[in-house]
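Undergrad: The hints should help you fit chain Y onto chain X, whose structure is shown.
Number of protein chains: 2
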Amino acid sequence: MAHIGIGLLGCGTVGTGVVRLLQQNKQKHENFTGRPLRVEKILVSNMDKERAEIIDRTILTTDPDEVLKNPDIDIVVEVMGGTGLAKEYVLRALNEKKNIVTANKDLMAMAGEELFSSAAKNDVDLMFEASVAGGIPIISPLKNALASNKINKVMGIINGTTNFILTKMYKDGSDFSEVLALAQEKGYAETDPTADIEGLDAARKIAILASIAFNTRVTLDDVYVEGITKISSRDIEYAKELNCTIKLVGLAQETNGQVEARVHPVLLPLYHPLAKVDDVYNAVYVEGDAVGDVMFQGLGAGEMPTASAVVGDILQVGKNIVKNVSPRDNCSCYQKKEIIGIEDTFDKYFIRMTVADRPGVLAQIAGLFGDNDVSIDSVIQKKYCEGKADLVLITEKVQDRNLKKAIEQIKGLEPVYALENLIRVEKES
Amino acid sequence: MAHIGIGLLGCGTVGTGVVRLLQQNKQKHENFTGRPLRVEKILVSNMDKERAEIIDRTILTTDPDEVLKNPDIDIVVEVMGGTGLAKEYVLRALNEKKNIVTANKDLMAMAGEELFSSAAKNDVDLMFEASVAGGIPIISPLKNALASNKINKVMGIINGTTNFILTKMYKDGSDFSEVLALAQEKGYAETDPTADIEGLDAARKIAILASIAFNTRVTLDDVYVEGITKISSRDIEYAKELNCTIKLVGLAQETNGQVEARVHPVLLPLYHPLAKVDDVYNAVYVEGDAVGDVMFQGLGAGEMPTASAVVGDILQVGKNIVKNVSPRDNCSCYQKKEIIGIEDTFDKYFIRMTVADRPGVLAQIAGLFGDNDVSIDSVIQKKYCEGKADLVLITEKVQDRNLKKAIEQIKGLEPVYALENLIRVEKES
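Residue numbers (this note's numbering), protein chains in the order written: chain X, 697 to 1125; chain Y, 697 to 1125.
The shape of chain X in the complex, shown without the other chains (with noise of 0.2 Å):
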């Protein structure tokens, strides 16, 4: 019986796990697609390294070619990572008519466009499930099931080691620095935790799930990015007293025609769904004119969940490949919409200064708020320690812009002796 032919580019974690659940469930695949499934070739560096015992060394490779001009192959499946070499070899991929499935968010993100056009060009399918929120289905289901809808946002904590992080601060009252180092104790968080905890890894996956709510490219360029350094377990104490917890999102909206994407930390009030997932959890929220508020949410990493999305996209490709439908998906996005800056954009804002304890300091700084068109939604003063106070005040929907210019002057005052931090506010849905 004819099979479908897969080959790997990488053997790593998720290499790994891609071949051990194409084994576990072999025979659930096959009645899926109609065909077995046989993978028949891994690209490697390092012939030699020890791998798992599931792994056939027989078909280990270090030449590309014997993968991606290989015509036992049907799938290639990129799951070597980075942006260099695997682009090489999917764009060489796409063009011997090899379908793609990939886990690659920073190519994605990088240069959706150009693979789309390869893929439409060779007509073979381009399958990226995986490069976010690991296990959960989300890309498929905006692509397909709510394709429906027209969107008006999306809203994600789409980065498991900052949500482990501002879990933990948010339990244990504990510092950022404190926190960081258990998370790396842990393997929730590498070594270099630069991509995580300054939010580029979650840019990266919102510029993907924009472009496809949206129908338009949307790039990693094209996303305001603010990490997590900043938020101290002062921040923390606030935002409890203000029913909130803090989370770093990644945030697409569209409105009037117009696309905004950006990832930073928000206040969350407890009862948005988002509030309460937790630790390593990943979840994605989006809003349907149709559907209202949807939420996807699981396992945003690991092995087994990253495997679970890639093998899924294997089955898809499969049996597009049986029903010879192979490509049933193209690029969604079709139209070129504008993207605005973040200065442009709208919130509210949690503001929290330690100011001269003593009369009149409020009202000249709400002062320079008005004089900016900020307004002020509540505040809370609370003596700090002798002759400081802390003063955090609560914004309405403003312009960054406008925020930007008051804070610049609030910032000169005499008696403002710190900016402590400046948070978005996520409004009631």
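Misleading hints may appear alongside valid ones.
Treat identical chains as interchangeable: a pair holds within one or across any two.
BS3-like cross-link-like pairs, simulated, lysine-lysine; straight-line CA separation at most 25 Å [said to hold, decoys possible]: (1) 846 x 817; (2) 864 x 972; (3) 793 x 1019; (4) 793 x 839; (5) 724 x 817; (6) 936 x 867; (7) 722 x 1033.
Read the hints as simulated data drawn from the structure, not as lab findings.
TA: Relative to the frame of chain X, chain Y by itself:
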């Protein structure tokens, strides 16, 4: 340009929503399928009834053949409900080689096998995303994206009415009958609320989900059903004391190749993702061998959420037609697994009784549990009024059959005044 022709059977709330959504996002839908979609005919029972303005009265008909035999119609959308005429029409439409989209859980839970076999024979698609959990994409992810997994368990809050009632009881401490009246007043519960509060609506949905998850046919008759009418504010008080909430769930799981499906209230620990799903929200929690646990949450009913799912299905079928691949999805029940009855299932139980407040009673009761292989995990005993005590026992995981035997014997004990309630407890996941 050729279009995709749609015929509606029924024009109630959901039918009207479907027409509305097809108009609202017309261009997006055309971009998705590659061809414009057009509603050709709508079967109604009353031509003179007042209808929303968006309904074009010139395409209404009372003659089913104008839909079923209409050569301009590619997709028949069944939104009339019921299992009599609806089934007859759907079968006739299938025999006319029409693709079917239905929102009808009763029909799918009762006649899924017959409909699917006719769809296969006639080479057309049969889609039913809207039949479970309204707008939440759950059937398609379970069938496709998660097909890489062996699914172990599906558990869902899949009835909004009962979730509204239990949430209100939990938050306000009110009694079932008061809250039911409120739900009826708000339009969340029907004048005859039986199907909701007795769990029958949820039973149909879990039969559908179980069939997909385990690739074996599960019908309504296979589902054990208990409703929420016996849940009292006192049960909820004790649930709180145990850091739990009470939810009505549909639950299906496979253990050693045997499948069980049931609907009943459970005590859910507050940290469980489903415990946080409140009011009229629905959510489905899925455990797979690779993905771990994922959850899908959103609005389970209503005109536009349901239309979102129906039109989502129309779009998939439309794309299949354009790509000439209809049917893409076949029936996924290709196995025949044993379905076990409730007496063979294992669970933890919460048992609340009113007993005589004197020494030795607990020992007597515990003895009978022990005689029947029912181990006790924990006990709460509280004076209730003069001479009477509340006795709450939490068992270990025990077989239903053994528990029932023990309970029968305990009921006969002189100091046991009343066996107030027996509720399953969802163990830690």
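Undergrad: Any hints from earlier that this structure breaks? Give me their numbers in increasing order, please.
TA: 1
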